[in-house]
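Turn these sequences into a full structure, and let the hints steer you where they fit.
Spelled out, the chains give:
There are 2 protein chains.
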Amino acid sequence: MSKYIIGVDVGGTNVKLGLVNPAGAIIARSRLDTKAFNRNKSRLIAALAGAIESLAADNGLKRRDLLGVGIGMPGFINPQKGLVLFLPNIPGWHNVPLAGILRKKLGLPVFLDNDVNLITLAEWKKGAGKGIRNLVCITLGTGVGGGLIIDNNLYRGDQFLAGEIGHIPYRDSEFEKYVGNRTLHERAAKIFKRPSIRTEDVFVKAQRGDNKARRFWYEVGEHVGYVMTGVVNTLNPQRIIIGGGVANNFTYIAPGVKDTIKKLAIKAAKVQVVRARLGDDAGILGASFLVRNSLLER
Amino acid sequence: MSKYIIGVDVGGTNVKLGLVNPAGAIIARSRLDTKAFNRNKSRLIAALAGAIESLAADNGLKRRDLLGVGIGMPGFINPQKGLVLFLPNIPGWHNVPLAGILRKKLGLPVFLDNDVNLITLAEWKKGAGKGIRNLVCITLGTGVGGGLIIDNNLYRGDQFLAGEIGHIPYRDSEFEKYVGNRTLHERAAKIFKRPSIRTEDVFVKAQRGDNKARRFWYEVGEHVGYVMTGVVNTLNPQRIIIGGGVANNFTYIAPGVKDTIKKLAIKAAKVQVVRARLGDDAGILGASFLVRNSLLER
Numbered sequence: 001m002s003k004y005i006i007g008v009d010v011g012g013t014n015v016k017l018g019l020v021n022p023a024g025a026i027i028a029r030s031r032l033d034t035k036a037f038n039r040n041k042s043r044l045i046a047a048l049a050g051a052i053e054s055l056a057a058d059n060g061l062k063r064r065d066l067l068g069v070g071i072g073m074p075g076f077i078n079p080q081k082g083l084v085l086f087l088p089n090i091p092g093w094h095n096v097p098l099a100g101i102l103r104k105k106l107g108l109p110v111f112l113d114n115d116v117n118l119i120t121l122a123e124w125k126k127g128a129g130k131g132i133r134n135l136v137c138i139t140l141g142t143g144v145g146g147g148l149i150i151d152n153n154l155y156r157g158d159q160f161l162a163g164e165i166g167h168i169p170y171r172d173s174e175f176e177k178y179v180g181n182r183t184l185h186e187r188a189a190k191i192f193k194r195p196s197i198r199t200e201d202v203f204v205k206a207q208r209g210d211n212k213a214r215r216f217w218y219e220v221g222e223h224v225g226y227v228m229t230g231v232v233n234t235l236n237p238q239r240i241i242i243g244g245g246v247a248n249n250f251t252y253i254a255p256g257v258k259d260t261i262k263k264l265a266i267k268a269a270k271v272q273v274v275r276a277r278l279g280d281d282a283g284i285l286g287a288s289f290l291v292r293n294s295l296l297e298r
Numbered sequence: 001m002s003k004y005i006i007g008v009d010v011g012g013t014n015v016k017l018g019l020v021n022p023a024g025a026i027i028a029r030s031r032l033d034t035k036a037f038n039r040n041k042s043r044l045i046a047a048l049a050g051a052i053e054s055l056a057a058d059n060g061l062k063r064r065d066l067l068g069v070g071i072g073m074p075g076f077i078n079p080q081k082g083l084v085l086f087l088p089n090i091p092g093w094h095n096v097p098l099a100g101i102l103r104k105k106l107g108l109p110v111f112l113d114n115d116v117n118l119i120t121l122a123e124w125k126k127g128a129g130k131g132i133r134n135l136v137c138i139t140l141g142t143g144v145g146g147g148l149i150i151d152n153n154l155y156r157g158d159q160f161l162a163g164e165i166g167h168i169p170y171r172d173s174e175f176e177k178y179v180g181n182r183t184l185h186e187r188a189a190k191i192f193k194r195p196s197i198r199t200e201d202v203f204v205k206a207q208r209g210d211n212k213a214r215r216f217w218y219e220v221g222e223h224v225g226y227v228m229t230g231v232v233n234t235l236n237p238q239r240i241i242i243g244g245g246v247a248n249n250f251t252y253i254a255p256g257v258k259d260t261i262k263k264l265a266i267k268a269a270k271v272q273v274v275r276a277r278l279g280d281d282a283g284i285l286g287a288s289f290l291v292r293n294s295l296l297e298r
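Sequence lines, in order, name chains A and B. For the first sequence, the residue numbers in my numbering are 1 to 298. For the second sequence, the residue numbers in my numbering are 1 to 298.
It cannot be assumed that every hint is accurate.
It does not matter which identical chain is used: a pair holds within one copy or between any two.
What the hints assert, rightly or not - Pairs of lysine-lysine residues, derived as DSSO-like cross-links and limited to a Cα-Cα distance of at most 27 Å, are as follows:
#1 K177 x K190
#2 K267 x K81
#3 K177 x K126
#4 K267 x K41
#5 K41 x K262
#6 K3 x K263
#7 K177 x K262
#8 K258 x K3
#9 K270 x K81
#10 K193 x K270
#11 K81 x K3
#12 K130 x K3
#13 K177 x K105
#14 K258 x K212
#15 K262 x K3
#16 K130 x K35
#17 K263 x K177
#18 K126 x K212
#19 K193 x K125
#20 K258 x K177
If you're looking for bench data, these hints aren't it; they were derived computationally from the structure. It should be emphasised that the depicted structure is a prediction, and the values quoted were computed from it without experimental measurement.
The following block contains the structure:
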């Protein structure tokens with residue numbers, strides 16, 4: 001199938017679009033400001049359709065040159081029905097049959113999935129999880145997400161809710177409350193006795209050998225390791241991939257993750273802990289794999 | 001395939017054998033005392049082979065009437081290689097190629113798996129999990145085990161260690177330390193101010209309306225619910241099946257499980273919590289399904 005695919009990565013702040021060529025490379029990009037449409041779902045949908053059409057047209061492509069459109073959304077999605085069930089961070093989205101609406105507007109096959117599922121798919125197909133039969137991909141950022149490849153398949157769960165790792169009960173609350181960006185921000189401010197400090201600056205401090213900063217990231221890793229030990233003992237994956245913005249600090253987080261899993265998980269379980277490789281492109285690439293897989297499965 | 005299968009369920013105390021007819025019913029049984037061979041692996045293996053041959057012969061069956069032998073073992077198994085990696089509660093078993101040894105002795109195909117995996121397989125094929133695509137089966141007893149059916153397949157994990165739910169980190173220790181039989185026993189003795197009380201008696205008390213006894217089981221359910229919430233948020237299964245000796249108290253445990261999952265799991269996740277149906281037969285039946293599946297897959 002020597003056709004192009006448009007991959008779309010909808011986030012709370014931006015919508016990123018990418019034109020993916022038949023070889024699987026992103027050859028053109030565009031972007032929308034999600035916030036500008038926050039209060040108006042139909043305007044956002046219209047803008048999405050417009051941006052998809054422009055990205056194709058600007059690159060000299062006609063409808064017949066396109067295989068389809070894949071879209072990752074930050075929330076609960078029914079990929080079978082192309083339905084957006086609920087988006088926690090974009091108001092007004094409840095049970096929106098987005099794939100159907102866009103299919104009509106564009107005259108192209110449109111497929112939806114949860115954004116972290118698509119990141120997982122991309123990392124598995126051509127990133128840090130290539131060739132791995134069973135893996136868990138987690139994204140650490142404002143929220144904490146997860147995706148599962150089980151027996152060489154993206155596993156979505158019974159109501160498409162699998163991988164909600166951020167909501168695993170942990171201590172007095174849930175995992176996300178301990179490693180989400182907001183918490184890290186507040187904790188860093190306390191530790192470094194400042195009104196506010198960016199986690200990026202705590203990373204730079206760690207690079208410079210600051211012990212408090214290194215300890216800070218190590219402890220983040222310990223939280224991740226504790227919760228992931230439960231996942232390891234349940235799923236016995238071969239590899240854990242850590243992505244998301246916080247994963248930029250992988251060097252200083254990973255030791256805490258690995259030490260904790262080694263200490264707490266069943267001894268025989270061997271699991272590799274690696275950093276995600278595709279960065280910001282993972283969402284767009286995953287969306288393109290979704291289109292390919294969905295059309296091949298038919 | 002109108003042949004018979006011998007299913008074997010090896011436990012720390014007993015070995016239970018069952019002759020399964022082509023319709024899938026257990027039509028004859030026998031039993032060995034595991035402890036009698038505890039110190040001698042080859043004697044146990046010889047006794048196993050003898051018991052298998054006797055069970056067939058006593059029922060007028062020749063080798064050609066048998067499809068094969070399935071064996072569930074309480075520990076870490078490599079089912080692909082028919083290898084017993086390690087049995088925590090039966091001394092001296094490390095990397096024993098049991099399937100190969102018995103195949104030679106018996107002249108029949110022999111397949112091994114972890115006991116809880118086989119219970120899970122049985123409950124899924126003809127017990128409390130019939131027709132369910134994604135489920136988790138846990139066994140509550142001296143130890144706490146788990147098995148996973150994912151996308152209509154028994155999922156074993158990368159090193160065949162999936163489902164080690166008893167070892168999920170929990171509070172200051174692990175899950176098993178809070179709901180394993182030994183702990184329940186001790187806690188019950190404290191609550192009822194006796195040197196010792198059987199958990200069966202706490203069940204009878206609960207049946208008679210004793211509030212302390214009801215509270216006792218409800219709290220067991222809360223522990224189970226907390227840990228299973230993590231599993232629900234990770235795997236989003238349709239059903240959780242609770243088996244094992246402690247599950248005899250299902251009536252008084254289930255409310256604590258359900259309430260806790262409802263309170264802590266992501267709201268959209270719907271999961272049924274049900275009691276295992278096959279009781280003590282699950283191991284033998286699961287072993288028979290293992291044989292059938294393994295020979296069909298070829």
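Hints breached by this structure: Hints 3, 5, 6, 8, 10, 13, 15, 16, 18 and 19 contradicted; others consistent.
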